[in-house]
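Engineer: Residues per chain, in single letters:
2 protein chains.
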Amino acid sequence: MSGFDIHAYLDRGRRLVDAALDRLLPPETAQPPALHKAMRYSIFAGGKRLRPLLAMAAAEAVGAQPETVLDEACSLELIHTYTLIHDDLPAMDNDDFRRGMPTSHKVFGEAMAILAGDALQTQAFGLLARAYTLGRHSPERLVQVSGMLADACGSQGVIGGQVVDIESEGSSVSLETLDYIHAHKTGKLIHAAVMLGAILGGATPARQQALACYGKAIGLAFQITDDILDVVSTTEQLGKTVGKDAQAGKATYPGLLGMDEARRMQLHYLALSLAALDGYDEKAEPLRAIGRVIVERNN
Amino acid sequence: MSGFDIHAYLDRGRRLVDAALDRLLPPETAQPPALHKAMRYSIFAGGKRLRPLLAMAAAEAVGAQPETVLDEACSLELIHTYTLIHDDLPAMDNDDFRRGMPTSHKVFGEAMAILAGDALQTQAFGLLARAYTLGRHSPERLVQVSGMLADACGSQGVIGGQVVDIESEGSSVSLETLDYIHAHKTGKLIHAAVMLGAILGGATPARQQALACYGKAIGLAFQITDDILDVVSTTEQLGKTVGKDAQAGKATYPGLLGMDEARRMQLHYLALSLAALDGYDEKAEPLRAIGRVIVERNN
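Order-wise, the sequence lines are chains A and B. The opening position of the first sequence corresponds to residue 157 in my numbering, with each subsequent residue numbered one higher. The opening position of the second sequence corresponds to residue 157 in my numbering, with each subsequent residue numbered one higher.
Please note: incorrect hints may appear among the correct ones.
No copy is singled out in the list; a pair is fine if it fits within one copy or between any two copies.
[Claimed, not checked] The calculated lysine-lysine pairs, modelled on DSS-like cross-linking and capped at a C-alpha distance of 27 Å, are:
(1) Lys193 with Lys204
(2) Lys372 with Lys406
(3) Lys193 with Lys406
(4) Lys406 with Lys439
(5) Lys262 with Lys439
(6) Lys262 with Lys406
(7) Lys372 with Lys262
(8) Lys193 with Lys262
(9) Lys439 with Lys193
Source of the hints: derived by calculation from the structure; they are not laboratory data.
Let the sequences and hints guide you as you build the complete structure.
Structural biologist: What follows is the structure in structure tokens.
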């Protein structure tokens, strides 16, 4: 679509998401202040807001106003941030920096980091329920989204992926295991983001199906891109230690398949995601453009 | 009510809850097995199932069959267990034993304990959503319960209580702060248990109000009893190190008010909880009896 500026679209969306998160999270002065300060610190540590933006773009693709799912889309950012806080803990990946800033446990201590992550997860589900009290969405759709999100980020979703990732560290990993880790640790929540927008946007089952295909493909493209960036990017661009995955003995697609094959897969999944949107009109242009941005980003 | 045997009632209820938890949790063989093993280990480490039993008794009090809220009541046990796993972590209370068994991080390591706790929380909300798919409850009631549970166990509920508890360790604590810790860390989830049963059992707003009073009072009676037991019980009865709270410099009601005043408060809150049920008939007898058991227990 000529004239569509994806970067302006994403900037505007990010401002909306940031404002909504600021409005939805308890203030730093709420009791206990240290906890709410820790929750806000990680939420406002410079995320790209990809998941809420995907949800809003998916809602738009099925004919809804993106703002109608804005608050509910924030639940995805709460979940994403909680998993990052916990993944960074000394007992897990032991990362001191994230997006160029000290990680939660470095600033607030381990206990508070664990509890801030816990509370962000709780609030994600609380947000969805609150949308009923506020009359924003029907209880049928909200409970459907809540269940879908729980499946995506539970023991057979994101958390399962993180477990296998940790178990695989330092040992040689098969392509099958790498696929499992990526599909679960990263892919499930990206897929859930698209589905949240689709369901709350009122998509028919057939249209939900097409968006599910888009969501799965774009989740894989995203993770392959992450792996490639870990190899080729500079520390400054990523805001975290580069080559850390390789140093930690973590499997990556370029490491397992070579860089050429990784790049080929990256483009393959982008093409798949775009093909899934074949039946969609220009209202799906933001979704298409986000797909392209995902594989073209440099951080 | 003559002839009502609360201990037989609780035994039967516990067996129902245990069977439901076994049915609702993914099997140990589900991928990734180590995670599901850790989740099941803590869930089946000998809990009293007080919170699900309270929910079932509350549903019964408002005229529903307790079994109709059995699966949903299990979400309370998942939440309770997740908070115990995280509270026991080295970064928090650093407890090696719980209910006479090694704590999760002692058996599975810290990373797995954190993730098992995370996944149990996720599943609690997933369970409630699944009840809609299964046609067990209306989406209106389920989304209301989900929001109520999120409020109860979020940053201004259970997690907030745990934060203030940790912050207060080793310093002199006012009665106001101790009330805050107990009302949040323990009271909120016990209150939520009663309300889950009330809402899913179809209680009118007026009856919900009475049960809310019962829930608040019984939550306080429970925590005061816990504090008293920490002073007077033996290690064998409690299954954890006795006097640990006092050693850790944690404030307790007997420590702050003296044992006599603590016992007086314990009976005061039991009386309050029973008074809240004045308008209820014999179907509330299990709720009344659970209140009495809570203050008379020795572990």
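Engineer: Using 27 Å as the alpha-carbon threshold, which applies to Lys439 and Lys193: within, between, both, or neither?
Structural biologist: neither (38 Å within a copy, 46 Å between copies)
Engineer: When no copy is specified for Lys193 and Lys262, does a C-alpha distance of 27 Å or less occur within a copy, between copies, both, or neither?
Structural biologist: within (14 Å within a copy, 30 Å between copies)
Engineer: Within a copy, between copies, both or neither: where do Lys406 and Lys439 come within 27 Å Cα-Cα?
Structural biologist: neither (39 Å within a copy, 58 Å between copies)
Engineer: Between copies, within a copy, both or neither: which fits Lys262 and Lys439 at Cα up to 27 Å?
Structural biologist: Classified as neither: same-chain Cα gap 43 Å, cross-chain 53 Å, threshold 27 Å.
Engineer: Give the relationship of Lys372 and Lys406 under a CA distance limit of 27 Å: within one copy only, between copies only, both, or neither.
Structural biologist: within (23 Å within a copy, 49 Å between copies)
Engineer: Can you give me the call for Lys193 and Lys406, within, between, both or neither, at a CA distance of at most 27 Å?
Structural biologist: Cα proximity of Lys193 and Lys406: across copies only (24 Å, versus 32 Å in one copy).
Engineer: Checking an output row: Lys193 and Lys204, CA cutoff 27 Å. Within, between, both or neither?
Structural biologist: within (20 Å within a copy, 35 Å between copies)
Engineer: Could you place Lys262 and Lys406 in one of the four classes (within, between, both, neither) given a Cα distance threshold of 27 Å?
Structural biologist: Close inside one copy (23 Å) and across copies (25 Å); limit 27 Å.
Engineer: From the Cα coordinates, with 27 Å as the cut-off, is the pair Lys372 and Lys262 best called within, between, both, or neither?
Structural biologist: Neither way: Lys372 and Lys262 sit 34 Å apart in one copy and 37 Å across, limit 27 Å.
Hints 4, 5, 7 and 9 from the list above are not met by this structure, while the remaining hints are.
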